[in-house]
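Those letters in the sequence shown? Residues 1 to 635, by the numbering used here.
Derived by calculation from the structure, the hints in this document are not laboratory data. By construction, the Cβ of each residue, glycine as well, lies at the ideal position given by its N, Cα and C atoms. One thing to keep in mind: the hints can contain errors.
[What the hints assert, rightly or not] When the alpha-carbon atoms are kept at most 20 Å apart in a straight line, the in silico DMTMM-like pairs for lysine to aspartate or glutamate are as follows: (1) K320 x E354; (2) K502 x E533; (3) K91 x D80; (4) K14 x E97; (5) K124 x D45; (6) K457 x E553.
[To be verified] For each label pair, taking beta carbons as the anchor points, the in silico distance ranges come out as: (7) L240 x P602: 54 to 64 Å; (8) L49 x D168: 43 to 53 Å; (9) K434 x V557: 20 to 30 Å; (10) L240 x K305: 10 to 20 Å; (11) K248 x Y54: 32 to 42 Å; (12) V268 x I180: 55 to 65 Å; (13) F31 x I64: 24 to 34 Å; (14) E499 x I634: 49 to 59 Å; (15) A70 x R101: 30 to 40 Å; (16) K294 x K457: 46 to 56 Å; (17) E547 x I486: 44 to 54 Å; (18) H211 x Q559: 29 to 39 Å.
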Amino acid sequence: MALFGSKKKQQSVKKVRPTVIRTQNVAKEIFNLAKSYDADPEKLDFNILGVQTYTRVAAEGQDIEWEEVAPGGLHELDNDSTLLNPEFQIKQTYEIEVFSRDKNIEDICSEFKAAVGANATKCKVYLSISEGSKLTYVENLEHILKTLIDKKKIRAGILIGIFDEMVDDLVSKLSASARINGVLEFPKRETHLIAEGFEPTATINDALILHYENHNEVDDNAKVDYASRGFIQSVKEGELLIEYQKPKNGKYGRNCRGEFMHPAEPVVSNEPTFNVEDTIKVVETAESIKYIAKENGYIALEDNKYIIKQDVDVSEISFKTTGSISSGVDSDVNISVKESDAIKDAIGTGMVVEVSEIDIDGNVGSNAKVIAKRATVGGQTHQSALVSADDLDINVHKGRAEGKKIHITRLEHGYVKGDDIEVAQALGGNIFGKNIVLDVCTSHVKATATKLIEIKKLHGSENTFTIDPKLSDDVQKDLKNNEDTIKELEVEIRELKKEVEKYTKLVKEGTPAFLDIKKRLVHYKKNGVKMPEAFVKKYKQFQAMQEQLKSLEEKLVKQQDHLNLLGSKVSSFQDNIFDARIINRGEWIGYNEIKFKLVEPPIELVYKPTEGSEEKIFGLKELESGEYVIRALID
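With the sequences and hints as input, model every part of the structure.
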């Protein structure tokens, strides 16, 4: 093994006699020379004996002689008009002396580990200095570094003396730093620009962007809702729907190898072939054509023409057909669902529909959710379905209904919450609203209102009719905030009273001494005698104590007034309860209850009308004793 190792070592140190070569491709010639000597190219070095730069202006196919540029004239080439001329050509020829590396420039820079690299277009060339490198100062270091960089550029096929005006500043700074410190160290990797050509501007192909398909995109990591398949694409007035980006030619460039760079021809394959209705505005510029919505609705393509529409007719909304439809209650999208078969669902299981208006001829299935400004349900709602609309009309209701103005033909143990609620026939259920009117009330109905409950015909029993001022979510929130503030004020007032009591005692106990000091100070001032510092200090301390007591008393009065105001506000939450009424236009049947819930004091009053009683109107009265009772009132 030692013999083989020794032989290998002999081969690796085989020397190449100094050889002068004239070439345009230094790396290739060094490789070929090393191969002829059976040597390692990495072990060879070279000196730059001369550099000739040649240029010419020749169209493709023309055979025009090259002209040499004097070294001092290279800077004149570095301008846009020359280098970005497609017919301008440039090349360099190098005269070098190649030899086996021994004692030369890089021995001086043996710890300076640097490499030359470029971006993909070769328009930017960088010198990368490795972490841990060191540069020891020697005389003529600037020239040594400049030569080192030029050699690395030549070996990489990069022109020298052109595109590289920043190199002089770089080697000057590195040399100056090394001279100051003796040794310049590089604790981390550094990269410096050492040549910059003219980067070409990329060609832009045309593109057609359907923004209306992307405006509801979600995060890639979000859970996919397979029920929402975008059956309709809702749009808003002023929304950018479609954009055609016109093709744009790129700009010429020239890299640091001197190569002219032609931009590719743009690909035109997406020019608009469709038309638009007058519901869509077209804005054309030099860069693009934009199609913008002129009104709310949804976008549709009919006979190769885009149009914004508001009305949609479907037979059903289900997972198999449309999927969920969520265009928003302010979208101006109106849907009519035609399925009316009693054994089928017009709105299928689990579907979510959110539009401005919807008319449903048939049923709303289990776990379905319908949200709109106006909605009608001609069939029935499943007990797990939710229908929410400001203006809501339901035929048979078993699920949950929410809104402002609600009409239900038949309530079958469903839940209803709104402002003004009218139920033609109530067969059990829970109703919450401001004003509730029941045309026919059977049994097991729980109706709670803030102002009025009116029963036109009572046909059953086990019903509960309640007036509750705290029914409103806003009132409950205000009341809770009010109660929390009262508790905070009560704690603060207790602490203030303790402080007032403490300072009152201190002022009372210190008053005789204060009056005595005040008398003495007046005497000193009258007789022109300098007042003792201790007396002045005690006088000021007592004054500060008086001012603190006054401030605490004022704050106590202010917080006490605030507490009283909040206390009166509690009462105001139930002021309207005395105007609230429960009315039964017919005769009382069976067992029923009337309830009034007070806010302050927090009590619930219950009245049970006698079966057969014809008492019609009930309200809350406050007796002279301060007690509250439910009384039948005269119509």
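Cross-check of the supplied hints:
1. Under the criterion of a C-alpha separation no larger than 20 Å, the hint pairing K320 with E354 is consistent with the structure, at around 18 Å.
2. For the hint linking K502 to E533, the alpha-carbon distance of about 27 Å lies beyond 20 Å, and the restraint is violated.
3. Restraint check for K91 and D80: the C-alpha separation of about 17 Å stays at or below 20 Å, so the hint holds.
4. Our distance criterion of 20 Å between C-alpha atoms is met by K14 and E97, whose separation comes to about 17 Å.
5. The hinted pair formed by K124 and D45 fails the criterion: a straight-line CA distance of about 25 Å is larger than 20 Å.
6. As the CA atoms of K457 and E553 are separated by approximately 62 Å, the hinted pair breaks the 20 Å bound.
7. For the hinted restraint 54 to 64 Å between L240 and P602, the CB-CB distance of approximately 56 Å keeps it satisfied.
8. Range check, L49 to D168: Cβ separation about 22 Å, and the 43 to 53 Å hint is violated.
9. Between K434 and V557 the beta carbon distance is about 39 Å. The supplied range of 20 to 30 Å is therefore violated.
10. For the hinted restraint 10 to 20 Å between L240 and K305, the CB-CB distance of approximately 19 Å keeps it satisfied.
11. Between K248 and Y54 the CB atoms are about 35 Å apart, so this pair conforms to the stated range of 32 to 42 Å.
12. At roughly 60 Å, the beta carbons of V268 and I180 sit within the given window of 55 to 65 Å.
13. Checked against the hint of 24 to 34 Å, the pair F31 and I64 passes, with Cβ atoms roughly 32 Å apart.
14. The supplied range of 49 to 59 Å is met by E499 and I634, whose beta-carbon atoms lie about 57 Å from each other.
15. The hinted range of 30 to 40 Å is satisfied by A70 and R101, whose Cβ atoms lie roughly 32 Å apart.
16. Our hint of 46 to 56 Å for K294 and K457 holds, since their Cβ atoms are close to 52 Å apart.
17. Checked against the hint of 44 to 54 Å, the C-beta distance between E547 and I486 comes to roughly 30 Å, which is inconsistent with it.
18. For the hinted restraint 29 to 39 Å between H211 and Q559, the CB-CB distance of approximately 57 Å leaves it violated.
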